[in-house]
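Colleague: Each chain, letter by letter, is given below.
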Amino acid sequence: MPRALITGAGRGIGKETARAFLGAGWSVLALDKDFSSFDLEDAGVQRIDYDLTNLAGISPLVATLGEIDTLVNNAGTLYCEPYDAIPEAHKREILAVNLEAPIALMLAAAPQMRKRKAGRIVNVGSVAAFTGHPDLWYGATKAALLNATKSYAAWLGRDGVLVNAVAPGPTLTPMYEQLPDSRKEGVMRSVYSGRPCTPQEVAQAILWLGSASPEYMNGMTLDVNNGSYPR
Amino acid sequence: MPGNSVALVTGAARGIGRAVVDALAGDGFHIVALDRDFEGSDLVESGSLALLKYDLTDVAGIAALVASLGRIDVLVNNAGVQNGLAIDDYTEAARERILAVNLKAPVELIRSVSRQMLERHRVHRAGSAGRVINLTSVAAFMAHTDLWYGVTKAGIVSFTRSFAAQLGPQGIQVNAIAPGPIDTDMLNKFAQPERRAQLMQAVWSRRAGTPPELAEVVRWLASEAPVILNGAVIDVTDGCFLR
Chain R
1 MPRALITGAG RGIGKETARA FLGAGWSVLA LDKDFSSFDL EDAGVQRIDY
51 DLTNLAGISP LVATLGEIDT LVNNAGTLYC EPYDAIPEAH KREILAVNLE
101 APIALMLAAA PQMRKRKAGR IVNVGSVAAF TGHPDLWYGA TKAALLNATK
151 SYAAWLGRDG VLVNAVAPGP TLTPMYEQLP DSRKEGVMRS VYSGRPCTPQ
201 EVAQAILWLG SASPEYMNGM TLDVNNGSYP R
Chain E
1001 MPGNSVALVT GAARGIGRAV VDALAGDGFH IVALDRDFEG SDLVESGSLA
1051 LLKYDLTDVA GIAALVASLG RIDVLVNNAG VQNGLAIDDY TEAARERILA
1101 VNLKAPVELI RSVSRQMLER HRVHRAGSAG RVINLTSVAA FMAHTDLWYG
1151 VTKAGIVSFT RSFAAQLGPQ GIQVNAIAPG PIDTDMLNKF AQPERRAQLM
1201 QAVWSRRAGT PPELAEVVRW LASEAPVILN GAVIDVTDGC FLR
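Protein sequence lines, in the order shown, are assigned to chains R and E.
Quick note, the first sequence lines up with residues 1 to 231 if you use my numbering.
Quick note, the second sequence lines up with residues 1001 to 1243 if you use my numbering.
You may find that some hints are simply not true.
Unchecked claim - If the Cβ cut is set under 10 angstroms, some of the chain E residues that face chain R in the computed set are: (1) 1196; (2) 1198; (3) 1201; (4) 1202; (5) 1239; (6) 1241; (7) 1242.
Read the hints as simulated data drawn from the structure, not as lab findings.
Cβ atoms here follow ideal geometry from the backbone N, Cα and C, with glycine treated the same way.
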């Protein structure tokens, strides 16, 4: 049974991604620092209680997890504070969780994937990578993650490892609830369907990239935004 | 650009093209201002400004037209039409017209003008052999209610790169500009107040760009842009479309 490590699996897109992989017959290593809204009771799930701001612990952690066929870097954090009043601690947290941790996880998972000449990594970006974002560091880290996706694809592609990303538009998750109304209205105006994305839909895209998409597709970012950001 | 360089500007009678005439004249260019209709335009012919009445739907006549003009150093493909029609309401005539003016004519102009640019450049070799500036639109990157408008503007992005690749090694620069909403007849005709207000919400300055602002970008590409800048599309959107 193939195994997926999914970060930020406690809620939102991560939880639905865990559900989607389970439904496809995978076993799931569900990583989060908070499982209070995690309700997936399934024999195929192993919970990993871990705070990704602990960057130094990531490599030792991955060493204990055994074989990882697919890594989904989904965990992300966002604050939405004024540009000129972002607390240093928040900046550090966003940089750690949204950028440094995914890179540390890719780095830690890469050797075993290269050895097997197989493996997939899916990074969860955001349209914020293209548009900028009221949370400056959120946008900046998402753009950086999409860039790192290409670098890692270039590095690992020769060994048969695929590194792709999804860039969802606003998706109905707890994070969406944090957005100001004006932003939500803007989204509603621009999407073709007149509704926000559901986490299940993003999860389907992640599952495809993480399990079945053609191997020639590497280093790419799949826009899941329904017209809220054509580019 | 040297004092007696000549720029051919299409769609020059009004709007962005009209502002481009002023901007390039300010840099010392002699200008051939092309439009199908100068009615209501304040352009006045002079020693450094020739008015050329020509309908660009006559694509077949462009090569001969260019041959009759003499030296052209800069070509500004600005002329463009928009019909504001839903796809089901498009007539064959409207489709053929927009394809001719927005796509076929600029391609034919580049073909014709680049030939003489290369001919002249064979002598000098160094520096720029000539510059082409194509006006596209953010419509190239997004869904547009006038399907053929969006399609033709996307086509301009594509041929900008094709010509840059083909002509760049021989010293010709081919770049494009993709404006967001600019205060022109076209915007006023197709963006009614409600749509316009909505558009402005996405613009950081909450206003439409002005033709002189856009003309300054054209001027820079025509006069100053380094030769290494080729095949580029410069977005002038003030935030209404980031990519």
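Colleague: Next, verify each hint and record whether it holds.
Modeller: Evaluation of the provided hints:
1. Hint on residue 1196 of chain E is violated. Least Cβ distance to chain R is approximately 14 angstroms, over the 10 angstroms limit.
2. The interface hint given for residue 1198 of chain E holds, since its Cβ lies 7 angstroms from the closest Cβ of chain R, which is under the 10 angstroms cut-off.
3. At its closest, the beta carbon of residue 1201 of chain E sits 7 angstroms from a beta carbon of chain R; the interface hint therefore holds under the 10 angstroms criterion.
4. Among the interface hints, the one on residue 1202 of chain E holds; its C-beta lies about 8 angstroms from the nearest C-beta in chain R, closer than the 10 angstroms criterion.
5. For residue 1239 of chain E, the interface hint holds, the least distance from its beta-carbon to any beta-carbon of chain R being 8 angstroms, beneath 10 angstroms.
6. Evaluation of the residue 1241 of chain E hint against chain R yields a held restraint, the C-beta minimum of about 9 angstroms falling below 10 angstroms.
7. Contact between residue 1242 of chain E and chain R, as hinted, is supported at the beta carbon level, the nearest pair being about 5 angstroms apart and thus within 10 angstroms.
Checked against the numbered hints above, the structure violates only hint 1.
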